[in-house]
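Undergrad: Got chain A; can you put chain B with the ligands on it based on the hints?
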Amino acid sequence: MSMENHGHHDHHEAHHDHHEHHEESFITKYVFSQDHKMIARQFLITATVMAVIGMLMSIIFRLQLAWPGEKFGFINWMLGDKWGKDGILDSNMYLALVTIHGTIMVFFLLTGGLSGTFSNLLIPYQIGARDMASGFMNMLSYWFFFVSSFILVASCYVEDGPASSGWTVYPPLSALPQAMPGSGLGTTLWLVSMTLFVVSALLGGLNYIITVLNLRTEGMSMRRLPLTIWAFLVTAVLGLLSFPVLVGAVVLLIMDRSLGTSFYLSDIYIGGQALHYTGGSPVLYQHLFWFLGHPEVYIIILPALGIASEVIAVNSRKPIFGYKAMVGSILTIGFLSFIVWGHHMFVTGMNPFLGSIFVFTTLLIAIPSAVKAFNYITTLWQGNIRFTPGMLFAIGLVSTFVSGGVTGIILADSTLDIPLHDTYFVVAHFHIVMGLSAVLGMFAGVYHWFPKMFLRMMNKKLGYLHFWLTFVCAYGVFFPQHFLGLAGVPRRYYTNTEFPLFDNLGDMNVMITWFAIVGALAQVLFLFNFFYSIFRGDRAPDNPWNSNTLEWTNGVGHNHGNWIGKLPVVHRWAYDYSKPGKEHDFVPQTVPLEDGEKDGGVTDDHH
Amino acid sequence: MKFLVYIAIALVITAVLYIARILELSAALRGEKQWVVNKRDTKLNARLMLIYFFAFMAFVAWQFYEYVPLMLPVAASDIGAEIDWLMNVNMVLIMIIFVLTNAVLFYFAYKYAQSDERKARFYPDNHKLELLWTVVPGIVLAVIIVFGISTWTKITTMPEKDYILIELYPKQFDWTARYAGDDNKLGHAEYKKITDLNPLGVDSVDQASWDDFLIRNEFHIPKGKTVLFQFRSRDVIHSAYFPHFRQQMNCVPGMNTSLYFAATITTDSMRMITGNKEYNYILLCNKICGASHYAMQMNIIVDEPADYEKWYNEKKNTTIFAMTKPVEQAPKEEKPMVTDSTKTDTTNHSGEKKPN
Ligand code: HEM
Ligand SMILES: [Cu+2]
Ligand SMILES: [Cu+2]
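One line per chain: the protein sequences are A and B, in this order. Residue numbering for the first sequence follows the working numbering, starting at 1 and increasing by one per position. Residue numbering for the second sequence follows the working numbering, starting at 1001 and increasing by one per position.
These are computed hints drawn from the structure, not numbers from a lab. Mixed in with the good hints there might be a few duds.
[Said to hold, decoys possible] Calculated pairs, BS3-like style, for lysine-lysine (alpha carbon to alpha carbon, straight line, at most 27 Å): (1) A/K461 with B/K1039; (2) A/K579 with B/K1119; (3) B/K1310 with B/K1161; (4) A/K324 with B/K1310.
Values in this document were obtained by computation on a predicted structure and should not be read as measured data.
Bound-form chain A, shown alone (with noise of 0.2 Å):
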């Protein structure tokens, strides 16, 4: 296999040599880009966007929940009479919201946004590659996300309203536009939508497992190669493996809504009439939708963890702590999270037998979890810790991560799920563990890795302040959520005043949606300061934060091909951070071992 990797390397060389000759047009090189730094900035300017809008609605819907009947003007002037009456949300709007947003999260910006941002800027820089294997199949992963997130947003638009079955639109509510507006047309862009992300996702997740596995440069070997790139690949394969289930979920329920197919339908009188549905099940439609979102939670959390695995050791001044046991948790993450995905299914009448035996595997994941965690923690230990803006998000995601991780033992114990399930306890469980630690994941990743991507440098007052207030906000806005759950208050309720049981539980809701408008107000600092340092920012010198990786090797500058002239030469990991007897207190993975000295980590003056 060397040997085919080093004649895709010459071949590679050739075709950038030919390519320098003509100035490339607007048109190639900010439209329809094949350049995997450009992809990456524009799915991280699509996500932002998307992300902007998952926001405002969450705030939208988070006033109703904290005063509900209050009547607000701009919701009138945004949503219109019919969804906004006199400016109180409408109860099918506001679930149209929670599941726009959701999807929009989790789909557009953690998964889409996340993997391509930094899997498309990270995995050719970190491995010493030219450009991804097709720069072709990555420009068409991009604008297959684009179209996708475009008909999302556009389906809001539609007469009947967006889809409002939840973001994991169950049948029959999603499949019958008799049962909710949003089940019409809504839904079946929904779906739409959603085809297209997958395709997306495939090209891209496919892109970024041939360039691992073929483009790394010499001397680069899977044992050196950093945990960002670790984390990328396994994710990539998880999606490979899990999103084309969805699609086949997709199709099936787009056929039952198209074409009167029984695939999830049977037995079901609704408006007056017994439909002809019969022989289907909606848990078949959730054991596919699971079969690939429990893994999709991990497709999410996993770049996340790399960027901080990076951010961490880097800001610390020390090698990550057990890298191997850090590859090692990242393929039994990968692994477990496959066989785990009836933990979201425990109250649905599936054979109780089975209950227990996703009970058993869904603990044994915890297991890996508590292995990074610990892990980052003693990577900070006597380290010498550099608190950039990056870093600061990075350590906030080890808390989240850890805060999160805890409740999931409680809901995997299906005894404690019966109560549990479906209620505010499980929204605060993955808002912390996946939501916050993702978005947190991804902000160090933007701060750390901006002088990559726009040559200059972001503004670390700024930093701080919105680092600070987000983490503040975030614990606020989801800790007190924990307590909703236990005292039995179900998710995706309109409001929680049409029967006294939840009466005094008002004040916590207000208390909630104080801590998201300021949250989100945070946010505000965060898109000034980094469109305003795209611009403005202080030029970024070569590598600013004093990294091994080879992405800071190449100099200053976008060029095609990433390194004029050669490809760089990998001699050591890329963890050697304050290695005894060295000069610096970093040595990057170009620079060659010494007589005698060994790779890995592995110290002759080891105790």
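TA: Okay, now just chain B with the ligands, sitting in the frame of chain A:
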């Protein structure tokens, strides 16, 4: 009020932008790079790490203090008591992990903040340590799994006898309870038989259905007796959620599901416990099912067995029957509504020979 909020938001945004600008200008004036982490930044953030930890823990403690009294009252069923016990044990456990891990994390972040006097320690791994935190969580989880699964098996094994059978039938957006009557058997029912007067689609040919009767809005169960609930669904998935009894089961169209529990505290006693004379047990829908999902509920009254008996006998004779009995079976003193439904039913019965 609203207007004020807008102004406040606008002000905050402007203020933030101004601060940003000032920060930037002042840094530029001092000739500092806007991204290099200096000693002041290190000190500030290191302290904030520690302060944050204590503030966070104080916030969590405050929430326990404020919110625990607002939680659901003591479990009102046999199963609920077991779940609560297990829940408390697990909660204590995860709270310990949560506090300790966060404490160590923030403390290290504070303690090992950058300093010129130190060099970071090159510490790439330690197999003993890693083994430790693979094995210890493993053991803890093994214990959790054993307790969890044994309780789970117990509470999901349906009782064979000595229970009261009730069907809870959901549709958008309400519940109907069908009591199995004196034979404690629910008559066959299916969606194709649903009419306005036979909302559950009960099959009148099935004798077991003849004594079934329907209850809406509020239903009763006795204390100390196992009640087995069966579920179907008329339209979309709903979920029968009994927060006070710590039980839940989805109601899926085309499927039969069930759960059981024995109530241990009567509604009256619970009103004493909560100090609220109006307090009610409630059945909620806990699976998104459409626009009025949030309003789909039913009160549950737990009676002393004797009171339940009284209530049951009264309802048995006065409420509408679930099904529509064949004409010859209908008692003469039946209420008009039932008579009406009998009529509809007679028509249905023209094809009686071939029950589908
Ligand atoms: C210690 C490890 C974890 C365990 C044992 C665990 C367990 C569970 C269980 C049992 C549920 C289902 C709860 C219910 O619906 O009643 C759940 C929900 C969820 N978990 Fe976790 N989890 C863990 C970590 C994670 C991680 C790392 C992520 C994401 C990165 C995650 C994301 C989610 C999401 C998104 C849901 C809710 C999906 C929905 O219903 O909308 N979990 N978790
Ligand atoms: Cu899961
Ligand atoms: Cu419902």
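Undergrad: Run through the hints listed earlier and report the numbers of any the structure violates, in increasing order.
TA: Result: hint 4 breaks, nothing else.
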